[in-house]
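A.B. asks: These protein sequences, in sequence, are chains A, B and C. Okay, so the first sequence: first residue is 1 according to the working numbering, each after it adds one. Okay, so the second sequence: first residue is 1001 according to the working numbering, each after it adds one. Okay, so the third sequence: first residue is 2001 according to the working numbering, each after it adds one.
These are computed hints drawn from the structure, not numbers from a lab. Computed from a predicted structure; not experimentally measured. Where a beta carbon is used, it is the ideal one built from N, C-alpha and C, also for glycine. Hints are not guaranteed to be accurate.
[To be verified] Partner residues aside, some chain A positions facing chain C, computed with beta carbon under 10 angstroms:
(1) I131
(2) S133
(3) F157
(4) V160
[To be verified] Quick list of in silico lysine-lysine cross-link-like pairs, BS3-like style, CA-CA up to 27 angstroms:
(5) B:K1227 <-> A:K142
(6) B:K1200 <-> A:K74
(7) B:K1038 <-> B:K1289
(8) B:K1267 <-> C:K2236
(9) B:K1227 <-> B:K1417
(10) A:K7 <-> C:K2058
(11) A:K7 <-> C:K2180
(12) B:K1320 <-> B:K1057
(13) C:K2200 <-> A:K5
(14) B:K1417 <-> C:K2203
(15) A:K187 <-> C:K2180
(16) C:K2058 <-> B:K1417
(17) C:K2236 <-> B:K1200
(18) B:K1057 <-> A:K74
(19) B:K1200 <-> B:K1289
(20) C:K2180 <-> A:K5
(21) A:K142 <-> B:K1200
(22) A:K102 <-> C:K2288
(23) B:K1070 <-> B:K1187
(24) B:K1289 <-> B:K1070
(25) C:K2236 <-> A:K7
(26) B:K1200 <-> B:K1227
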Amino acid sequence: MANSKVKYFLYHILVGGFAILLLYPVIWLLVSSFKESNDIFVTAGSLIPNPFTLVNYPQGWEGFGGYGFGTFIKNTIVFVFWMLVGHLISCSLIAFGFARLKFVGRGFWFAIMLVTLMLPYEVVMIPQYIIFSELGWLNSLKPLVVPAFFGHPFFIFLLVQFIRTIPRELDEAATIDGANTFQIFYKVILPLIVPALATTAIFTFYWTWDNLLGPVLYLNSPDKYTVSMALNMFLSNETVSNWGAMFAMSMVTLVPVFVIFFIFQRYVVEGISTTGLK
Amino acid sequence: MRRKSVVVVWGLILVLLLAACSGGGSSSSGGSGSEDGKVTLRMAWWGDQPRNDYTAKVIEMYEEQNPDVKIEAEYASWDDYWQKLSPQAAANELPDIVQMDVSYLAQYAQGNKLADLTPYLGEQIDTSKMTEDYVNGGKINDGIYGMNTGVNAVGFHYNPDLLEEIGFDREIPEGWTWEDYQSMSDKAAAKGIYFDTHLKPDVFFDYYLRSNGARLYAEDGSGLGYKDDQLFVDYFGMIAEQVEKGSTPTPDVLTQISGIEDDPVVKGEGVGIFQWSNQFVGLKQVAEKPLEIAPMPGPGTSDGLYLKPGMFFSVSQNSKHKEAAADFLNFFMNDIEANKLILGDRGVPGSSEVKDALKSEVSEAQAQVFEYVEWAEQNSSPMGAPDPAGAGEVIELLDTMSEQISYGQITPEEAAKSFRSQAEGMLGQ
Amino acid sequence: MLNSRLQRNLWGYVFIGPFVIGFLCFTIIPMMASLYFSFTSYGLFDSPKWIGLGNYTKMFTEDPRYLQSLKVTIIYVLGGVPLRLAFALLVAMLLNAGSRAVGLYRTMYYLPSLIGGSVAVAIMWRNIFGDAGIVNLALGGLGLDAIRWFGEPTAALWMLIFLSIWQFGSSMLIFLAGLKSIPSSFYEAASVDGANFFQKFFKITLPMLSPVLLFNIIMQTIAAFMTFVPAFIISKGTGGPLDGTLLYSLYLFKQGFEYFNMGYASAMAWVMLLIVAALTGIIFWTSKYWVHYESEVK
């Protein structure tokens, strides 16, 4: 008993201590957001803001050109929502097809899918932009969101790998019970890949939240801008950057991502195995 | 459990509906569609928070006076701006009015993405209060592809207190030379103070060449504009010496400077900075020190100095309302009330009338800038052609060369040769 | 018989249909366009001029910066990916224990990855590795010489590699999900048989985790080759010092959008595709010897 208590403390000292070490940069950011903009670099080595100020928060929240930071957060949430819907539906369908069904050209399409990940986006960007411009989709979320409904190779491959770890006997049992292919997908496989789906959701959430290039290319009106674009606008290449406000808003925008992660990470780890334990 | 999922489902539907409503009406991106006779112009610029705010106000002012015109603003930070602009240009979807930088103007103009403004000069755009040099700042080949929004001139922005501390008068002597610069640097280095932070190679090597009767780029942009590699060797040899003796920071120290707030001058560890006049206001604001402006070291200062367009407003070739766009540019250049909002943020204005009206409005720092640029107007030579296409690559090559010289990886003589052969290749394309 | 084969194919395409349609609508044309550009001299705003293999030969014969960027990228991939994955797996296993505080720890360990690649991160990283930053302070405390992270090309590259290791959260999360999918009955049975930690790790954890491991290796390798943002923001877009952090994507971006050599950039992109595809192919080929699937499609 005493031994396990020692072990327990050791574990927490090790894991917790290491977490704090890893978090030092994050703490640095947080502390900097409470310093005056001009002080941030002068007192970069100190973790105690002196003088302590809250002014960066309201100043950053105010935004620019008449659009407050709230607008940018709202836009980003709408963007994230569509990406989530798109990825969860399309990627699980496609992954089931690749992992469980046998059809002509499966290997070919799977290879193609991986290849699309290997070509740097910079060189397909312009032709793709022209396509979306021909469709009249510029200055809207469509060029960013619509492709999500056609799957994303990263998540498809991820889900494929998870589906392949599920014993095939389960499908066969369901087939004997008279289930068709779609029912196998829906009733057997889907509940078993909840951890992978939760992972997909988390990644989609924060990659979208963080996505800078997409919104920069396709959103023109400031009232449609996302958080990542707005953060860059505190910077100036010619004169004075508003570092304080940028750090402050970086911290603010971290909150939703943090909360979402904290909620969803439970589904990642409370998959089949733990329910099986009970 | 069941009730919870019903709530979730309904929540989702609600959000979906909301999103569909907010997304539905806003997809028309043409920008120049004119319903009920109203002209809509898209206008894009890069900039910081204050610029975004005052430009929005200028637009508002213009719309009030011209109720049949609506201007949609599209602004972003510098990096994001150029990222956005190149696909727009490729797809012929550029905004009607685009803010341009000297380094990109030739590229966009020669790619036939910008309209020649010559037909609008003297018509929509009143240039009667501006000098010819000023208007010609946006000249590429035979056309004017950008309206100069204001000019800047390079100079030395310094802190008199520190100058005194290293044992000199509080003022940089008139007509100082590179030799003075070097001997002052020795004194600074001896006190453990930087004399200056860094001479950006493309800007100041060009200045040095000009003061010796040459240029960095040939006038037609087809190659380098200087013949004698000794000029390269002399200039970069001097720079390397500065770094070596510690009066200019090493390149790796420079990389660690995140912004002006972080600059040795602001921290009280450096005497001054060589930079463009428009950067003085921000420096003084952050430094909270009694900063002064001095001209560049000579000899040949007036040949070396020129008034550089701070930035341009161009009208895109794909714009359907070029006249309307030109009319707004005129407002931006010439309207006094509008310029009282702009306050020279995009460079010292070209219109003499606007300049006079602003003198009483601007801050102390801004007044110093106005004064310096006015002095430079009398003591400078015309700029000549803007950076040619391919300049971006050449500038980076020059940065790399200068860095390698500072690290002692290459001698100035070798660098001069290597720079010439590579740069000629880049420009000759 | 024929009918059921047709039906099976049909079901297959119904499920992967979205991908096929999306690929045909949005991806194939731009990809083919860039392949065409790679054989041309194309400056983004002018019309492409056919120059055959010119761009490709220039890359390997006339452009030392290209070879430098290739070298730097290979070091970045070989140095960063294994370390990052090992680290992620180790932490995932530590956090796989079922304690109550672990949810909080997981979030804490994931936090660095959530911050992403914003300018704020670059500023912070620059400060930590700066001459007076905490890393050099720590080195001094250990009696070691300070390292000029911004002056030495190799050190600067390692600074980038450390950043990628620090943001190990996404790999960790995937490992965690994989670890959780291993039925605990396997471990219980092994414990009954008296297996120790290492036996369990090599006999159960590793084989059961191998599909996820394969996924992580392939995806992290591809992603590492494509790395752009950290190099761009930390070196302020220069790839310095002395091109020490000029990652492949950064150089490609410069060629395409700063020097307006889109044809050359496209050629670079296709060479990168060939390299990464070959590497991925090799990994896949070896995978049949070490990846264990519960269900093989028969």
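A.B. asks: Each hint should be assessed against the structure and marked as holding or not.
C.D. replies: These are the hints, each one checked on the structure:
no., hint, verdict
1, I131, "7 angstroms, holds"
2, S133, "13 angstroms, violated"
3, F157, "6 angstroms, holds"
4, V160, "8 angstroms, holds"
5, B:K1227 <-> A:K142, "54 angstroms, violated"
6, B:K1200 <-> A:K74, "41 angstroms, violated"
7, B:K1038 <-> B:K1289, "50 angstroms, violated"
8, B:K1267 <-> C:K2236, "21 angstroms, holds"
9, B:K1227 <-> B:K1417, "11 angstroms, holds"
10, A:K7 <-> C:K2058, "61 angstroms, violated"
11, A:K7 <-> C:K2180, "22 angstroms, holds"
12, B:K1320 <-> B:K1057, "24 angstroms, holds"
13, C:K2200 <-> A:K5, "24 angstroms, holds"
14, B:K1417 <-> C:K2203, "63 angstroms, violated"
15, A:K187 <-> C:K2180, "21 angstroms, holds"
16, C:K2058 <-> B:K1417, "21 angstroms, holds"
17, C:K2236 <-> B:K1200, "15 angstroms, holds"
18, B:K1057 <-> A:K74, "25 angstroms, holds"
19, B:K1200 <-> B:K1289, "23 angstroms, holds"
20, C:K2180 <-> A:K5, "25 angstroms, holds"
21, A:K142 <-> B:K1200, "42 angstroms, violated"
22, A:K102 <-> C:K2288, "19 angstroms, holds"
23, B:K1070 <-> B:K1187, "58 angstroms, violated"
24, B:K1289 <-> B:K1070, "43 angstroms, violated"
25, C:K2236 <-> A:K7, "46 angstroms, violated"
26, B:K1200 <-> B:K1227, "21 angstroms, holds"
Taken one by one, the earlier hints fail for this structure at numbers 2, 5, 6, 7, 10, 14, 21, 23, 24 and 25, listed in ascending order.
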